[in-house]
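Chains as they are written, first to last, in the numbering used here: chain R, 1 to 524; chain Z, 1 to 252.
Derived by calculation from the structure, the hints in this document are not laboratory data. Errors might be hidden in some of the hints.
[Unchecked claim] For the chain R half of the interface with chain Z, some residues (derived, Cβ under 7 Å), not all of them:
id	residue
1	Tyr431
2	Asp435
3	Gly440
4	Gln473
5	Phe475
6	Asn478
7	Gln479
8	Gly481
9	Ile482
10	Met490
11	Arg497
[Said to hold, decoys possible] Here are a few chain Z residues that sit away from chain R, every Cβ distance over 10 Å (derived from the structure):
id	residue
12	Asn6
13	Gly13
14	Ile55
15	Ser59
16	Gln158
17	Arg192
18	Ser195
19	His210
20	Ile212
By construction, the Cβ of each residue, glycine as well, lies at the ideal position given by its N, Cα and C atoms.
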Amino acid sequence: MSIVSSCQFLFFNLDFFVQYALLAMNMDRKNQILNSENDKNIALSDEQQTIQNITNQDYKYGFVTDIEMEEFPLGLNENIVRMISAKKNEPEFMTEWRLKAYRHWLKMKEPKWPKLHYPEVNFDDLYYYAAPKNENAPKSLDEVDPELIRTFDKLGVPLEERELLAGVAVDAIIDSVSVATTFKNKLNELGIIFCPMSEAIQDHPDLIKKYLGTVVPYTDNFYATLNSAVFSDGSFVYIPPGIRCPMELSSYFRINAAKTGQFERTLIIADKGSYVSYLEGCTAPMRDENQLHAAIVELIAMEDAEIKYSTVQNWYAGNKEGVGGIYNFVTKRGLCAGNHSKISWTQVETGSAVTWKYPSCILKGDYSVGEFYSVALTNNFQQADTGTKMIHQGRNTRSLIISKGISAGKSNNAYRGLVKVSSKAENARNYSQCDSLLIGDQCGAHTYPYMEIENPSAQVEHEATTSKVSEDQIFYLNQRGISTEDAVGMIVSGYAREVFQQLPMEFAVEAQALMSLSLEGSVG
Amino acid sequence: MLSIKNLHVSIEGKPILRGLNLEVKPGEIHAIMGPNGSGKSTLAHVLSGREGYQIDSGSAIYKNLNLLEMAPEIRAREGIFLAFQYPIEIPGVNNTSFLKKALNEIRKHRGEEELDAIDFLSLIKKQMKLVEMNEDLLRRPVNQGFSGGEKKRNEILQMAVLNPELAILDETDSGLDIDALRIVASGVNKLRTESNAYVVITHYQRLLDHIIPDFVHVLSKGQIIKSGTKELALELEERGYDWLLEKSESPS
Ligand SMILES: Nc1ncnc2c1ncn2[C@@H]1O[C@H](COP(=O)(O)OP(=O)(O)OP(=O)(O)O)[C@@H](O)[C@H]1O
Ligand SMILES: [Mg+2]
Numbered sequence: 001m002s003i004v005s006s007c008q009f010l011f012f013n014l015d016f017f018v019q020y021a022l023l024a025m026n027m028d029r030k031n032q033i034l035n036s037e038n039d040k041n042i043a044l045s046d047e048q049q050t051i052q053n054i055t056n057q058d059y060k061y062g063f064v065t066d067i068e069m070e071e072f073p074l075g076l077n078e079n080i081v082r083m084i085s086a087k088k089n090e091p092e093f094m095t096e097w098r099l100k101a102y103r104h105w106l107k108m109k110e111p112k113w114p115k116l117h118y119p120e121v122n123f124d125d126l127y128y129y130a131a132p133k134n135e136n137a138p139k140s141l142d143e144v145d146p147e148l149i150r151t152f153d154k155l156g157v158p159l160e161e162r163e164l165l166a167g168v169a170v171d172a173i174i175d176s177v178s179v180a181t182t183f184k185n186k187l188n189e190l191g192i193i194f195c196p197m198s199e200a201i202q203d204h205p206d207l208i209k210k211y212l213g214t215v216v217p218y219t220d221n222f223y224a225t226l227n228s229a230v231f232s233d234g235s236f237v238y239i240p241p242g243i244r245c246p247m248e249l250s251s252y253f254r255i256n257a258a259k260t261g262q263f264e265r266t267l268i269i270a271d272k273g274s275y276v277s278y279l280e281g282c283t284a285p286m287r288d289e290n291q292l293h294a295a296i297v298e299l300i301a302m303e304d305a306e307i308k309y310s311t312v313q314n315w316y317a318g319n320k321e322g323v324g325g326i327y328n329f330v331t332k333r334g335l336c337a338g339n340h341s342k343i344s345w346t347q348v349e350t351g352s353a354v355t356w357k358y359p360s361c362i363l364k365g366d367y368s369v370g371e372f373y374s375v376a377l378t379n380n381f382q383q384a385d386t387g388t389k390m391i392h393q394g395r396n397t398r399s400l401i402i403s404k405g406i407s408a409g410k411s412n413n414a415y416r417g418l419v420k421v422s423s424k425a426e427n428a429r430n431y432s433q434c435d436s437l438l439i440g441d442q443c444g445a446h447t448y449p450y451m452e453i454e455n456p457s458a459q460v461e462h463e464a465t466t467s468k469v470s471e472d473q474i475f476y477l478n479q480r481g482i483s484t485e486d487a488v489g490m491i492v493s494g495y496a497r498e499v500f501q502q503l504p505m506e507f508a509v510e511a512q513a514l515m516s517l518s519l520e521g522s523v524g
Numbered sequence: 001m002l003s004i005k006n007l008h009v010s011i012e013g014k015p016i017l018r019g020l021n022l023e024v025k026p027g028e029i030h031a032i033m034g035p036n037g038s039g040k041s042t043l044a045h046v047l048s049g050r051e052g053y054q055i056d057s058g059s060a061i062y063k064n065l066n067l068l069e070m071a072p073e074i075r076a077r078e079g080i081f082l083a084f085q086y087p088i089e090i091p092g093v094n095n096t097s098f099l100k101k102a103l104n105e106i107r108k109h110r111g112e113e114e115l116d117a118i119d120f121l122s123l124i125k126k127q128m129k130l131v132e133m134n135e136d137l138l139r140r141p142v143n144q145g146f147s148g149g150e151k152k153r154n155e156i157l158q159m160a161v162l163n164p165e166l167a168i169l170d171e172t173d174s175g176l177d178i179d180a181l182r183i184v185a186s187g188v189n190k191l192r193t194e195s196n197a198y199v200v201i202t203h204y205q206r207l208l209d210h211i212i213p214d215f216v217h218v219l220s221k222g223q224i225i226k227s228g229t230k231e232l233a234l235e236l237e238e239r240g241y242d243w244l245l246e247k248s249e250s251p252s
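Could you build all of it, start to finish, from the sequences and the hints given here?
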């Protein structure tokens, strides 16, 4: 039962009043309702006990430079691309596709974004094959920074998973593998394919040929093109027609995630009338030696299909002085290919030094729906430039954008969004709400809503607010016995509630705790 | 329980409280009346630890603790409760979760076991009857979109759940309709014990018909210029403050 745990426990509701309703129904069920696991969860959600007495959330382990590679040299050239492909036993078409991408990439320039500042990445100074062996990896949890262990405690990460997340050199994660297998068998029965991308390329080349790169073409942008040339691994999901995936596809991925490397690639296809909810990432901090992350996620929803994609991103953000941290350049895009299809992105972004990310929807099918719910929290010297693109192509398409930016410390947080209604998209509707919350007066929040409307029947609404965590609110909570750090955690969680509600329950609880942790040291 | 001696407080260099003295013993109800701007809310805020006030001199000792040096949340955990004159809205924060968190912080501080969801809910249900509050309000974010009167009832509900030793009610009666006034007052009376005390700030004698004070104080320009029993409130109702103010302005 190990992996199912912290991202997956049995749990009634984040909202207290559901239990309230239960109580009203039947007081005698007390013992049934409240097992100890639930108690733990309630404690987490309601009380965010996460924040006291830990000073700042200093990340636990820097980047280790002493890396032992297999036989792959530094830098990137055609040979390396071929080697990557060969190493993975890929069919010829895949090798060719990677090479095409690589050649195209050579002609591209790294984009310069006005709101992001970071030292230039030297692409010749990177290893492009994943899984470098790190001799300095801790041999057991005893060698791991106690601060990290405390974070795990606060987030309720079960013991079995901690070694994995802390990067402890373990050969086999016995429990995890068996649980993963159980999942897999159940999914197999339904015809659902859920496997690492590298496996899908071998076992389902027809699906890969048909869909890979159709939503994010290899020419798309600098980082996407680089990813297409050298992508390491990721997940592949196919849901057959009419099937409702019976579980959140997450915990299995969580095991994989530790090994997918810096150029992840994920492809999810929901065939006609199917449904899937996919969770990426984990609230628990993960050890990673790679500074640059350039992932791609492609989603395809056929007629009447629905894909819900949730992310919690908590990569290393750099220290309090702004040194180190992950650069996270992600291309995520969903295609609502069929009529009445729906794609919903939910993201909670608290990590990384630099985030550049715009999960988008192409609303091609008539009556298709795109949604984007985002909480982006930046503290210290973090920078986030994130938002979405909603591209209305079909008739009667609808999109909804709810973005909540939270800036603390000296950080900068930008929302950048595009709503595009093409000439054929009769009766398209969009509603966007972009709120910014400031904590302290040294941080920044910026909103860049772009609109391109080519059809006069479009109804596009945009609302934006900027607010501060008010001292009166903090005092009110103080006066009821709640410490200032807890108070800020509560206010911020309340502010982001609309987005948290979109997350699967067990994830929402963790995400809330995570927010409080990420805000440590931002007040007082 | 509470002993305030010669308290001088200023805001941005401007003196607001100017030598205030007050003794409150367990079981007592003290009413504080006085013209607008005389410093009633300032006193309430200073006692509960709000920032922005400069303590120039004097002391406030509460249960042998030097109150003015304590963080606001510690004062709350030690049993001081302020029913705000203007309760603030906290969007998205569920009223019930908030109150559960508050109660458990206080219980932890006292070394008591924290209440689980079910025990807490039965407590809140019981206390809600005292203020006859609509259950709906429990499910909503703290004070968000509450009417003026609903906010005041919510303050009293919180008081009923947190069970403070010293409760300061800052114009809780303002904005309440006549029925609500009676309900809130009877709530206070039911919560009253020999060991807790109330400081009730009000402009209106009618509240004191329901919550019978042991003492009535008149605050003017940062000083208590007259103290008496409940009859003083009646007299004020009849005569206003002028006769007192004139007297206090003459050199003493
Ligand atoms: N933040 C502040 N800055 C400047 N002056 C202030 C501030 N807060 C209060 N004051 C002043 O202090 C004085 C006392 O205010 P306080 O709110 O304590 O009065 P009050 O007796 O509660 O009045 P009311 O009956 O109208 O509620 C007033 O003159 C008020 O303007
Ligand atoms: Mg006042």
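| request: Using 7 Å as the Cβ threshold, decide whether Asn478 (chain R) counts as touching chain Z. | output: Hint on Asn478 (chain R): holds, closest Cβ of chain Z at ~4 Å, below 7 Å.
| field | Interface hint for Phe475 (chain R), Cβ within 7 Å of any Cβ on chain Z | value | Holds, because the Cβ-Cβ distance from Phe475 (chain R) to chain Z comes to roughly 5 Å (cut-off 7 Å).
| field | Beyond 10 Å from every chain R Cβ - status for Gly13 (chain Z) | value | holds, 20 Å
| request: Would you check whether Met490 (chain R) satisfies its interface hint, that is, whether its CB is within less than 7 Å of any CB in chain Z? | output: At 5 Å from the nearest chain Z Cβ, Met490 (chain R) passes the 7 Å test, so the hint holds.
| task | Take a quick look at Gln158 (chain Z) and tell me if its Cβ sits farther than 10 Å from every Cβ on chain R, holds or violated. | result | violated, 7 Å
| query | Was the hint right that Gln473 (chain R) lines chain Z, CB cutoff 7 Å? | reply | With a closest approach of 5 Å, the Gln473 (chain R) hint holds.
| request: Would you assess whether Ile55 (chain Z), listed as outside the interface, keeps its beta-carbon beyond 10 Å of every beta-carbon in chain R? | output: It holds; Ile55 (chain Z) is separated from chain R by about 17 Å at its closest Cβ, greater than 10 Å.
| query | Would the hint on Gly481 (chain R) stand, with a C-beta cut-off of 7 Å toward chain Z? | reply | holds, 4 Å
| Asp435 (chain R) as chain Z interface residue, shortest Cβ-Cβ below 7 Å | Result: violated, 10 Å to nearest chain Z Cβ.
| Should the label of Arg192 (chain Z) as a non-interface residue stand, given a Cβ cut-off of 10 Å to chain R? | holds, 21 Å
| field | Hint validity - Gly440 (chain R) Cβ closer than 7 Å to any chain Z Cβ | value | violated, 15 Å
| query | Taking 7 Å as the limit, does the beta-carbon of Tyr431 (chain R) come near enough to a beta-carbon in chain Z? | reply | Nearest chain Z Cβ about 19 Å off; hint violated.
Taken one by one, the earlier hints fail for this structure at numbers 1, 2, 3, 16, listed in ascending order.
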